[in-house]
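Starting from the known structure of chain A, fit chain B onto it as the hints suggest.
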Amino acid sequence: MYLEELSPIPGVSGDEREVRKYIRECLPRKGVKVENDTMGNLLVQKRGKSSRKNAPHIMLAAHMDEVGFMISSIEKSGHLRFKKVGGLDDRVLVAKSVLVGKERVPGVIGSKAVHLQRKEERQKPYEVKNLFIDIGAKSKEDAEKLVKIGDYVSFKSSFTSVGEDCYMGKAFDDRVGCSILLELLKQKNMPSFTAAFTVQEEVGFRGARTAAYTLQPDIAIVLEGTAASDVPEAKDHEHATTLGCGPALTVMDQSVIADRELLTNLVNLAERENIPYQFRRFTGGFTDGGAIALAGEGTRTAVISVPCRYIHSPFSILQQSDYYHTLKLVQAFLENNSG
Amino acid sequence: MKELMKKITETYGPSGLENEIRKVIYEEIKDYVDEAYTDKLGNLVALRKGKAPHLMLAAHMDEIGLVVTHVDDNGFLRISNVGGVAFSQLVGQRFVFENGTVGTIYHEKIKSFKELEWSKLYMDIGAINKDDAIKRVNIGDVAVPHQPFLEQGQRLMSKAMDNRAGCAVLIELIKRLYGSKLPQEISFVFTIQEEVGLRGARSAAYALSPQYAIAVDVTRVGDMPEAPRMDVSLGKGPAIKVMDSSVISHPQVRQNLIEIASQNGIEYQLEVLERGGTDAGAIHISREGVPSGVVSIPCRYVHTPSEMIDSNDLDNTVNLMEKVCLSPTWN
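The listed protein sequences correspond, in order, to chains A and B. Adding 6 to a residue's 1-based position in the first sequence gives its number in this note's numbering. Adding 4 to a residue's 1-based position in the second sequence gives its number in this note's numbering.
The shape of chain B in the complex, shown without the other chains:
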């Protein structure tokens, strides 16, 4: 699974530009499902056909990034955020574009970091002037952190744990379930544009019209020095979400998840995320409503270039989701 994690976390795929990551995921799963296709907006849908109910599992494949808004005469680029990028963390970071061009971020003259804002930041791709710059990068191009995947002890670090970790869980799950008979129909949906407002999941849920849905995503933790209070820690197992700003998990779905975890001896945590949302937020209010829940992979430093997870949590999330798919409780 580490190899898979390295491959998919290092693949380029900010919101709106998911072509490459979709291709990589498609190649991983296509031989293990009944059908895999890209829908109208670009979600990748993989189906294990069967009888009702239809359980939809969703993990978003997009990542946050920086979009170029202006190229000046000297070849410097002005930038804006794609998704929840904190500009305070950008100075000195390297970012890479789809075509491999790398740039570093710095700021105009400021007296204190309190004055820092988007309009004072720029990216330098080493261009000697505007003509030189636009040979490589144009307005609208999007860059993502230039950071390799890293495994150190049992912890893993990457620019895009959010949410390639969730994608890895679904990919691994698809492979593990290959050949087993499932008590229900399952769609595995790798969604687009979650980071800009749960957009892909909304149209995917409408099209699929499932009876239940579970999103797999990362969540924040509170186990760092003087961290804001959050009763989720790295290494204590997958988190079963109670609520976040986008969704209150359906009580039945949450209860099912808790029972499945308990019955199978899988350590889990309960999650209340005060700020943040996931695809379940869009899915659960699709059509007449879809009872939905979320299984989260605990993650430190979400939306920074070094998002960190615990490999045991990752394995246990797959274990839990495998039991979820094989459980007849959804009937």
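Okay, chain A solo, but in the shape it has when bound:
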């Protein structure tokens, strides 16, 4: 599973370099054509075992970027002010370990000590504007030796096995998709498809738009890590997805309505192959699917996600079986639809 190595790599939207580098290194030496486009997407065409005539061109997409931060100013004291890149909940930030800039300078997100906060302050959740990053610098000059304005910041989180068959780590949204794509590219005897590792999904699915325009595929499947909320504080109808119940098929989110024929095809395949699946029981959120479906003359698009609890935080949890069932379903789809 590539996820173990993909997860800890810093790769905030616009700074996907290290993730891309890792993926390039993992690609098979033969049978693929690799293109790094202007936006930074990595487009990998896999040539299949046999080419059936008139087989549809299938694009599989996963985004390399993750949510994170950017340094916006440096205080006299050497503390770093920052802005969010992508959708993050201000309340999960305080006291988290982070890495700043190319040199991966370690730091922690700090706040005014709770002991010194007035009652009203304690009753309000932290907002990003009141937080800062502490890299142990003694002054602005001291800090500037290590970081500069515009540097990216990512969570520093290790990848860990937890429980019987779960994994915990950062950026499962969407390194889990990247990992599955890599596994598909590595497998022998696969039909033809194009894997698009996209950039800047978390700031408005920007990379996917140009990638789909370039590729002009007939069919696109977006592989994602999506929110699971099967936790004690949520009612049944608020779970969105559930760990252990298999790949989550999107009916609609705020960016795309899945092509009905593709969706039905996936459901039938899952049932035939005895792969557990669930629907994503939530219509919020955005994915690369929104950009891909509407690029050029349009592309029939579906979205398949691995359920992940606590996404967009330093630690998500996913279940191994969901990962492998998603891989199996996508593989079955390729075998049934591609050349």
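These aren't lab readings, by the way, just hints derived from the structure by calculation. Hints are not guaranteed to be accurate.
[Said to hold, decoys possible] Straight-line alpha carbon distances no greater than 25 Å define the calculated BS3-like cross-link-like pairs of lysine-lysine that follow: (1) Lys135/A to Lys27/A; (2) Lys130/A to Lys118/B; (3) Lys241/A to Lys139/B; (4) Lys179/B to Lys241/A; (5) Lys89/A to Lys135/A; (6) Lys59/A to Lys154/A; (7) Lys27/B to Lys11/B; (8) Lys59/A to Lys36/A; (9) Lys44/B to Lys241/A; (10) Lys241/A to Lys11/B; (11) Lys59/A to Lys44/B; (12) Lys36/A to Lys334/A; (13) Lys108/A to Lys154/A; (14) Lys241/A to Lys134/B; (15) Lys27/A to Lys192/A; (16) Lys241/A to Lys118/B; (17) Lys102/A to Lys162/A; (18) Lys146/A to Lys108/A.
What follows is chain B alone, placed relative to chain A:
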């Protein structure tokens, strides 16, 4: 045209599930155009071939609806919106699914209607438990208001005036233009997924690459008691759009529309819609840009189960669009 209106407004077709309505429209128009086909994403394109310029006319065929997000053990369904559905208007309404299953909407315990939100609403299809419910309806199925078309005096009411009224205008137009020689090529496009973000129109415009485009859609009016100010009224003719949140009509297109209306003695209104968008919003920024405008059918209570229009406005919209198609001003 009333019969056509009844047929197409009562046909099921929420965003993403336009199969049925597309079939109905295709049957209506197929004998009156040079070619009619469904494109990659599901837009229905009807062509009257000819020489340049190419004028694209668009009316979206999807309607708003409710999607099932969860079925509980007792057979109650949880729902979310497809397009701009106001949840405050749902309680007590009946909705119908593609397979004919009907449900009513109610809410969990609340102290005041201010507390109402999507997660407190549910749909009851009369199922005795989960197994019974999923025999009829599953997650992802979409329901639309269960309301018949109604004609009362000169006013018409339906769940889907937005935008089957626009579709009816294009269908009627296609029939009227049958046999006449057109000074330009015209594509009549019945688009998908307008209500969730002008999606079908975007790829259709890219594929067709027209020189001009006009969308036909409904617009809001301000002629009800204490209504928000909006200088468009029912019964005063088609509205020529100046701007909305998605598009500022191209000045030349707007001017052409105004002149064509004036020259032919067709009463019209000018429309500035502060909130809302139409297919022209996606079309006009396609490729290098497409000069675009909108002709709107004035409509009360948009996005409720009883959208109301005036039949004279409907007729006059067809009259105006007929002159638009026959006018050589687009050259």
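Practice prompt. With a cut-off of 25 Å on the C-alpha distance, tell me whether Lys27/A and Lys192/A pass.
Written response: holds, 17 Å
Discussion item. For a C-alpha distance cap of 25 Å, please report whether Lys59/A and Lys154/A respect it.
Written reply: violated, 54 Å
Discussion item. With the threshold set at 25 Å, check whether the alpha-carbon distance from Lys241/A to Lys134/B stays at or below it.
Written reply: Status holds; Cα separation ~16 Å.
Discussion item. Holds or violated: Lys135/A and Lys27/A, Cα atoms, limit 25 Å.
Written reply: Roughly 33 Å separates the two Cα atoms, so the pair is violated.
Discussion item. Check whether the Cα positions of Lys241/A and Lys139/B lie no farther apart than 25 Å.
Written reply: holds, 24 Å
Practice prompt. Quickly compare the C-alpha distance for Lys146/A and Lys108/A to 25 Å and report which way the hint goes.
Written response: Given that 25 Å is the threshold and the Cα spacing comes to 19 Å, the pair holds.
Worksheet entry | Agreement of Lys102/A and Lys162/A with the hint, judged by alpha carbon distance not exceeding 25 Å | holds, 8 Å
Discussion item. Check the hint pairing Lys36/A with Lys334/A against an upper bound of 25 Å on the C-alpha distance.
Written reply: This hinted pair holds, its Cα atoms lying about 23 Å apart.
Worksheet entry | Pairwise hint evaluation, Lys44/B against Lys59/A, where the allowed Cα distance is 25 Å at most | holds, 19 Å
Worksheet item: Taking only the CA atoms, is the gap from Lys59/A to Lys36/A under or equal to 25 Å?
Response: Measuring from Cα to Cα gives roughly 23 Å; hence the hint holds.
Worksheet item: Given the hint that Lys241/A pairs with Lys118/B, does the C-alpha gap stay at or below 25 Å?
Response: holds, 21 Å
Worksheet item: Is Lys108/A within 25 Å of Lys154/A, Cα to Cα?
Response: holds, 10 Å
When held up to the earlier numbered hints, the structure conflicts with 1, 4, 6, 9, 10 and fits the remainder.
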